[in-house]
Amino acid sequence: MNHLVIAPVLLPLLAGILPLLPRHPTMRQRRILSLAATVAQLGVALALAAEVSDGEILVYPLGHWPAPFGIVLVADRLAAWMLVITALLALFALLDAIRGADTAGRHFHILFQLQLFGLNGAFLTGDLFNLFVFFEVLLIASYGLLLHGGGRERTRAGLHFVVVNLVGSTLFLFAVGTLYGVLGTLNMADLAVKAAATPPENVPLIRAAGLVLFGVFALKAALLPLHLWLPTAYAHASAPVAALFAIMTKVGAYSILRVYTLIFGAGAGSAARLIEPWLLPLALATLIFGMLGAVTSTHLRQQAAWLVVASVGSLLTALGLNNAAGIAAGLYYLPHTTFAAAALFLLADAIARRRGELGDRLDPGPAITSPRLLGGLFFVTAVAVAGLPPLSGFLGKFLTLRAALDHPFLPWVMGAVLAAGLLGLIALARTGSLLFYRALPSEAGAAEVWPTLARETVPIIGLLLLGLGLTVGAGPALDQTHAIATQMLQPQAYLQAVLKPGGTP
Amino acid sequence: MEALMALIIGVLTACGVYLALRARTFPVVLGLTFLSYAVNLFLFTMGRLTIGQPPIIAARATGYADPVPQALVLTAIVISFAMTAFVIVLALKARADLGNDHVDGRREP
Amino acid sequence: MSLPLVVLTPFLGAILAAWISRQGRLYAAWMAGAITLLALAGLLPLADAPFAGQTIIQRCSWIPAVGVDLAFRLDGLGLLFALLILGIGLLIMLYARYYLAEQDNMGRFYAGLLLFMGAMLGIALSENIIQLLIFWELTSLSSFLLISYWQHREDARNGARMALTVTGAGGLALLGGFLLLGHIAGSYDLSVILASGDRIRTHPLYLPMLALVLLGAFTKSAQFPFHFWLPNAMAAPTPVSAYLHSATMVKAGVFLLARLFPALSGTPEWSWLVGGAGLITLLLGAFVALFQHDLKGLLAYSTISHLGLITLLFGIGTPLAAVAGVFHIINHATFKASLFMAAGIIDHETGSRDMRRINGLWRYMPYTGALAIVASAAMAGVPLLNGFLSKEIFFAEVLGAAIPLRFGWPLPAAVTLAGAFAVAYSLRFIHDVFFNGEPVDLPKIPHEPPRWMKVPVEILAALCLLVGIAPALIVEPILAVAVAGVLQESLPEHNLAIWHGFSPALGMSVIALVGGGLIYLGRKPLFAFYERHVEWLRVETLYDRLLNGLFALAGALTRKLDTGSLQRLLFVTILSALVLGLAGFISVPAPLTGVRTRLPVDGVSLLAALGLIAAAIGAVFLHRQRLVAVVLMGAVGLVTALIFIRFSAPDLALTQLAVEVVTVVLLLLALYFLPQHSPAKPHPSPWVSHVLLAVAAGGGAAALAWAVLTRPYETIAGYFLTNSVPGGGGANVVNVILVDFRGYDTLGEISVLALAGLGIYAMLDRLYLPGPQRDAEGRAWDPDLHPALLATLARLLLPLALLMAIFLLLRGHNLPGGGFIAGLVTAAALIVQYLANGVAWTHARLPWNLHALIGLGLLAATLTGLASLTFGYPFLTSTFGHWHWPVIGEFELASAMVFDLGVYLVVVGATLLILIHLGLIHHASQPAAATPIPDPPVRDGGKRDALTPNLASTGRGEHGEAR
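Chains as they are written, first to last, in the numbering used here: chain H, 530 to 1034; chain G, 7 to 115; chain P, 23 to 985.
No lab work stands behind these hints, which were simulated from the structure alone.
All residues carry an ideal CB built from backbone N, CA and C; glycine is no exception.
Hints may be right or wrong, so weigh each one.
[Said to hold, decoys possible] According to the in silico footprint, chain P covers these stretches of chain G (three or more CB under 8 Å from chain P): (1) 9-20; (2) 81-94; (3) 99-107.
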């Protein structure tokens, strides 16, 4: 057995615990610890990715109890992919946070690391109830992070975010409970086996449970009409937190992909392809409405948040095509949109800080300091976010459409994706022209201290470089996501890997 | 008995939903608590109803209730307790920051 | 140099130019020129191949999986365009160096120009159409930067955004078109696509694909109805206009038509769409151009018109038409570039571009005048100039196309009319500007520009003449190669002579020349007419309306959807869940009720249930009396505990009880700070829909529970029952599951609890919330905060409670109990101390660092799990053994117990942290009361203890997170 599988969970957990112990470290030590832990997680994630790159599926039976009785961690290509993306994002979010945002309130680094604990746990677990538990971990950590720093708007946004997610958790429990009550198990592989063999009189129950579960994941992923919580929450989180939250919606997308290719996949008999009629139409609607929200936004952060909604739309459109090419396209698009959105949030903050009381409001204001650098960064970020050539966003769009060519929905998909592209273009062109071109003449041209400016922009540039890497290395990246997609669409390997010892009685 | 259980779960859910939809933070908290009662009972009953057979291994035991849902519910209770505590304090914070206890921080008309 | 390098050079050059401009204003210009020469030098050696009839294709792999490679292609057409782009680019750079003013940022200008040049080269030299599309969009982006160069001017900003929006939209359509094209042809490589014309033309997707591709081409080359962005792009510096609108940007569209000519042309759809758009644009542009007062405006519309002419030629679709098309691309590039530059010179030297003011410049700048006259004569299609030649073939081809058609005659008439208007506006350009009286109050006294500013114009004007006089000599070779590149086959029979004899085409030319003269003479009434009926020709207004409509719609929809109301949010969420669940349930017909034998209802249970239901419903009705509601909620909780006991779940019952106590205490504490009542009349909320939703949700939950409860099922429970004692070393299966079988869940669960505690602590940090001085009925609180009786009882109770807790903790593995329950009992007992004896008293005697407690608990649990790793077992593997201790006797120890201890510590720590700090708000919020709290014994290097509310003092900086 390979203990590497548990490392992505234990590292952040320990990094979150240590600062609590009686010898409470100084802020400097906390930062170093947090940073080290995050770097280590990146290393572990990469090692794990290398480990499973040959299609092997690592199963880690916690407590040495065989599946389906004990909880197992399952590291396959998809899990590793998500872990790597999370670690990379976390690294740059943290680099931004340690510039001072982490002193705005208590326990930032503990919350941050335990958020990663929740995320990594959710990506690795092979047990549905355990998925619920780790959803709760990452949620309560995210509550703390969202409220970090305090402030009127943040509290209001936090209240909404928390309450709606509590309802979501309740629904999750209803769904899991029903599945246990009917199928008598919790392990996802075992659920898949049992679901495929459900007697007809029980099929309606598991279908109902499956769709309620979809509702829960859709809420996490901010799929229309369950996206309404996102814009306020993301728009009011502090910059590094909003950047980290770029991965949160992806957890919902991940869960949808995982559960509905495994438990309710093509092999699930009468419960197969449960969400197909729902996912694609809703995703397209989300895409359009998200872009409309971005077009009409009055603040840059708000616009960034709406663009996150739209990106969820494109991501789930690709996944919703439910063919290998589509899933591969979606999984290629996922890191791009995560990094791009994070960069935009960080940039929005950098810009807002230079516009005095005007903040990130989209009104012509005084010329900001070091406009060349920030303007350039905004241009690149906007190109990435709007999915324009030559950056990875364009490739994601292209791959998605290409995957849709043989899909009956082709006209709809193409229409929506292209229209959304235009809307994004209009929205961001307006924003850029407002922020950087219509700047009122002012004497604020004072050059800034280079090191601080560098520390401020390095995370943004880093995230953008990741996107560039995805573009240049599109070939290998796409091969990777294609490998993931094929693995997802043939769950037999997963089932055998998890249930091989003993199997179900 | 099953019908009674279903009825209880239904009533608790309904009360929870209604209260959660109120415009004040306090009833919303109550509503969420009711919802957690409902879902905990629901989860519990997924092991079906058994009387007088606690899942504690004993020589003279005639049978055992399904322990799994009980364990799950225990976890769920803890988590919902943590969440309730959090949302209660958040309600206080909202009261402090927004100046009233409306869920949207809106002033009265 | 290889093709990729040729394309890459300008991109790298852009960075260089931007960088070097820091060293000195003019360096950027020289750098840009050098870069262009370098690219040219790199390209020319490769030029032999096309002349030898070969096509160079160089590729490096990029995304092989989807057939997208970096593939470059050099054939005649590509070569011609590359030469135009680089050659005219070079002239533009020389010109701009004199045109730009002191305050203009040279680096930014030349960087943008090089960027754009690289993108154009990419279009011209792409083999893979997806790669072509990437460069296509890059031209849109870089042209945005160029047009908005004078960003302080609103017209520049809007013009740039309009150009970006229109061409960007076209680019998106083109993406769709290319996807379909590649899908049809089976490859994104031009060589394959150009070879499979028949397959493409007969494919069912041909028409949508064609439409999308043409959308791309038309938006780019400003064909009606997308022409409007071009005049608005005139806000750009003149060198930019001269470059974008003569040789490059707008030519990309017609380039695409030429490029895909063999694959797409030859169908009626093609002829109608392309020819139609071309004809309308030709006429519209020529007509509107005459009435522009702005020099550049006139040139802009004439550009539109000439692009229409070229498009129309490709629409006609005969090989000879293609020849004329390519030929006119060359000619238009030369004379239009020189005209723009001339206009720029005039603007530069007179400070105005308004033809109503700049008259009679011949006396001031005859040299420039002469050059301009040559160029505009070429534009008008006067013999001995290049424009005449291409127009001749154009007329001939139009005739050839019109004759077979029934009622075809309007076509030649129309193009002749367009020709006449072209003559008219060219006349106006010459006459109005250089003659026609004296200048009208110009800002500057006009004079000839600096020597080198004229050179580019001279060269181009010379070209117009040379080509016009000796076409066969000057242009024939490159034209032949280019056309071969277009048609992908040998050149059709044609002859570029000045004199074709008395052909109908010549007649049309004569009519056009004469008619043009007449139109110009009779312009006064025409102007009047135009002024009156101008609006319907302005598509801009439509565009603006569309855009504003879009913004309005977006705003309306978003506001409609996102009201920022939590109630709305929850309503939608719950409703969606219900709809989904219902949809899932009814999707397959099956009975709701199962076949499992049910338990009979007994009186006690019935009573309890009725009590619970009554309490719950009562809480709903009385939720405005908050205290009452809390009490009723507590009752519900208690009955729930009873239910757990009834149905064989003692652990759950204990837990439920403990949680209930703490929760109620929490709620009461909270209630102290919140209004005691909800306002009787809540502001209008759609409570009917809420009731309906609630009932539906309840019904759903009940139905689901019923359906499951009445069905038999198989479960994995058996395994746990059989393995609990032998494998987990505990008789209490639930506890063994919690700390062993599913200990990982519990690890997550206590993390949640810990996080809740920490999060709440962080939230309460520096929270100011004074409690009311009087209770709801307005009575002051009892001055005796800590009644003696209660205090004494509580103190007596404490040891008992703690003992009880330890007992529960230890037996948990085998009998109901366990870390969580024990923890809550402990916490409750301690809370009672706080309630009874007051924070200060208890606090002084309980100097715990709760954060450390939580940390230690989590650590204990984690380390227990980690220990198993050292034995080579997976995380959280448990072990246990039986020891015989003297006195105590047989005693079992399981590693899981340590884990449970961790749970216990976390529960105690988190619960106390929450409750105490909640209790402390009141003190914290009242400075008077805050002081009496004594600081507990100083430990840990003199840091303050967590229990004291850190009011701002240590809130920030180094110790910002000190626990």
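Right, here's what the structure says about each hint:
no. : hint   : in the structure
1   : 9-20   : holds (count 12)
2   : 81-94  : holds (count 11)
3   : 99-107 : holds (count 4)
Violated hints: none; the structure is consistent with every hint.
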